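For reference, the chains in residue letters:
2 protein chains.
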Amino acid sequence: IKYLARHVVAADRLAMEVASLYRRVLPTPPAVEFASPEGRRLFAEALEGGTMEGFFSLVPHFQTQSEPAFCGLASIAVVLNALAIDPGRRWKGPWRWFDESMLDCCEPLHVVRSQGITFGKVVCLARCAGASVRCFRADHAAVHDLRAHLARCASSRDCHLIASYHRGHFKQTGGGHFSPIGGYHAGTDMALILDVARFKYPPHWVPLTLLWEAMNTTDKTTGFPRGYLS
Amino acid sequence: IKYLARHVVAADRLAMEVASLYRRVLPTPPAVEFASPEGRRLFAEALEGGTMEGFFSLVPHFQTQSEPAFCGLASIAVVLNALAIDPGRRWKGPWRWFDESMLDCCEPLHVVRSQGITFGKVVCLARCAGASVRCFRADHAAVHDLRAHLARCASSRDCHLIASYHRGHFKQTGGGHFSPIGGYHAGTDMALILDVARFKYPPHWVPLTLLWEAMNTTDKTTGFPRGYLS
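Those protein sequence lines, which keep their order, are chains B and Z.
For the first sequence, this note's numbering assigns the number 1 to the initial residue and increments by one for each residue that follows.
For the second sequence, this note's numbering assigns the number 1 to the initial residue and increments by one for each residue that follows.
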């Protein structure tokens with residue numbers, strides 16, 4: 001199956017929808033796109049280095065956030081499914097499975113839909129779902145903690161990191177965002193962000209120090225800095 | 001974030017839901033789980049061999065079918081998004097993006113929800129969305145065609161295969177199924193199935209000849225054999 005050039009019929013319809021968007025161009029640098037030649041080289045080297053182990057359990061559950069403000073819920077759902085945590089209740093048909101719509105135990109979904117969710121409530125949600133979570137706010141941790149935690153989780157298959165950060169540090173549009181981290185490249189000290197806003201940006205590698213700076217920003221809703229969950 | 005053993009509270013709730021299921025055990029052999037040590041070895045070798053190129057554009061869009069009978073719709077959505085085909089209409093917020101709920105141009109969604117979808121209508125849907133599609137029914141192609149097409153698409157980033165097959169050949173529960181193919185391992189002649197029923201089976205490698213046999217089965221709804229789209 002291939003892209004077909006005659007898809008210009010769609011362009012006519014687009015002319016009537018000036019305010020709608022088809023993805024955003026990923027600012028590179030500072031990011032390196034996952035599927036670019038450089039991204040594939042980083043992937044292959046990190047795989048060789050043993051810091052893509054977590055990727056193999058995480059990427060089978062990588063998903064698109066189902067609402068523009070559901071980045072926190074989608075990040076949690078990816079990790080809960082990757083850890084094979086049984087929700088203990090049905091999703092659809094006979095199947096038990098974590099879907100964003102089932103993550104309503106710390107904040108009503110209609111509130112998340114309109115305002116997003118805070119770092120503290122994402123921690124609450126992960127715990128409510130049965131995960132063991134440690135949270136690191138940027139004012140109580142340092143970049144070397146993030147590096148150590150990421151290197152360890154990326155080298156194993158039983159823990160995963162979720163980053164809470166501000167997109168501005170990567171020259172990306174938008175503000176606060178959540179996404180799981182899918183791997184680590186030790187040689188260049190870069191982290192692979194599996195961005196759950198897949199309709200906007202593809203997965204991408206970013207310098208870990210810049211990711212730390214993006215975490216070390218204040219969430220205006222809470223007055224506290226962002227950080228990461230491990 | 002880790003699995004927490006105290007998640008036994010859920011087990012109590014489970015006792016009351018005897019007919020519900022948390023995943024199925026993947027029969028191995030014939031399949032090899034993507035995240036198993038052998039699966040990771042196959043992946044690394046195929047990556048080295050240049051037949052995982054398509055994986056890098058496909059896996060960023062890998063998704064879970066949103067309904068038990070939406071395997072065809074989910075497979076198409078994964079491939080359309082991987083090919084960066086603009087749907088020309090909004091999904092949510094300002095974003096244009098392919099979601100299964102937008103794939104209603106060849107069969108009404110309520111029909112697909114209750115009965116699934118046929119090979120022919122999946123081809124129709126991919127074309128309707130603007131993709132260039134060639135379809136190969138098992139009675140008009142041979143296993144070497146499948147191998148040649150897969151080897152070529154797995155080595156590039158601008159085409160992807162969707163398989164229409166019967167799960168029974170892999171000792172899996174269920175009947176006819178659709179899923180995209182995420183890579184090829186030439187040395188062992190195995191294909192990586194990115195199974196969209198992620199609540200049931202994880203991604204897995206299968207022998208290509210067995211996949212061909214699973215395609216070479218009759219869909220009782222149409223009376224025609226299954227096959228693949230390229």
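Don't take every hint at face value.
Negatives, chain Z to chain B, calculated, CB over 10 Å [claimed, not checked]:
#	residue
1	Thr28
2	Cys105
3	Ala126
4	Ala131
5	Arg137
6	Ala141
7	Ser155
8	His166
9	Ala186
10	Pro202
11	Pro203
12	Thr217
Covered by chain B, per the in silico footprint, the following chain Z stretches (three or more residues, Cβ under 8 Å) [unchecked claim]:
#	region
13	32 to 42
14	60 to 72
15	167 to 179
16	204 to 210
Read the hints as simulated data drawn from the structure, not as lab findings.
Remember, predicted model here, so these are calculated numbers, not experimental data.
Backbone N, C-alpha and C fix where the C-beta goes; we use that ideal spot for every residue, glycine too.
Cross-check of the supplied hints:
1. With a cut of 10 Å on Cβ distances, threonine 28 (chain Z) stays outside the contact zone with chain B, its closest approach being about 15 Å.
2. No Cβ of chain B approaches the Cβ of cysteine 105 (chain Z) within 10 Å, the least distance being about 12 Å, so the stated non-interface status holds.
3. With a least CB separation of 6 Å from chain B, alanine 126 (chain Z) falls inside the 10 Å interface cut-off, contrary to its annotation.
4. Not every Cβ of chain B is farther than 10 Å from the Cβ of alanine 131 (chain Z); the closest lies at roughly 5 Å, contradicting the non-interface assignment.
5. For arginine 137 (chain Z), the shortest C-beta to C-beta distance to chain B comes to about 15 Å, beyond the 10 Å cut-off, and the non-interface label holds.
6. Non-interface status of alanine 141 (chain Z) relative to chain B is upheld: no Cβ of that chain comes within 10 Å, the nearest being about 15 Å off.
7. For serine 155 (chain Z), the requirement that its beta carbon stay farther than 10 Å from each beta carbon of chain B is met, with the minimum near 13 Å.
8. Under the 10 Å C-beta cut-off, the non-interface status given to histidine 166 (chain Z) relative to chain B holds; the minimum distance is some 19 Å.
9. The Cβ of alanine 186 (chain Z) lies farther than 10 Å from every Cβ of chain B, with a closest approach of about 17 Å, so its non-interface assignment holds.
10. A cut-off of 10 Å between C-beta atoms contradicts the statement that proline 202 (chain Z) is not in contact with chain B; the least separation is 5 Å.
11. Listed as a non-interface residue, proline 203 (chain Z) fails to keep its Cβ farther than 10 Å from every Cβ of chain B; the least gap is roughly 5 Å.
12. For threonine 217 (chain Z), the non-interface assignment is confirmed: its Cβ lies about 21 Å from the closest Cβ of chain B, beyond the 10 Å cut-off.
13. Note: the region 32 to 42 of chain Z has 4 residues with beta-carbon separation from chain B under 8 Å; the three-residue rule is met and the coverage holds.
14. With 8 residues having a Cβ less than 8 Å from any Cβ of chain B, the region 60 to 72 of chain Z passes the three-residue criterion, so the hint holds.
15. Residues of the region 167 to 179 of chain Z with a Cβ under 8 Å from some Cβ of chain B number 0, which does not satisfy the need for three, so the listed coverage is violated.
16. With a cut-off of 8 Å between beta carbons, the region 204 to 210 of chain Z has 0 residues touching chain B; three or more are needed, and the interface restraint is violated.
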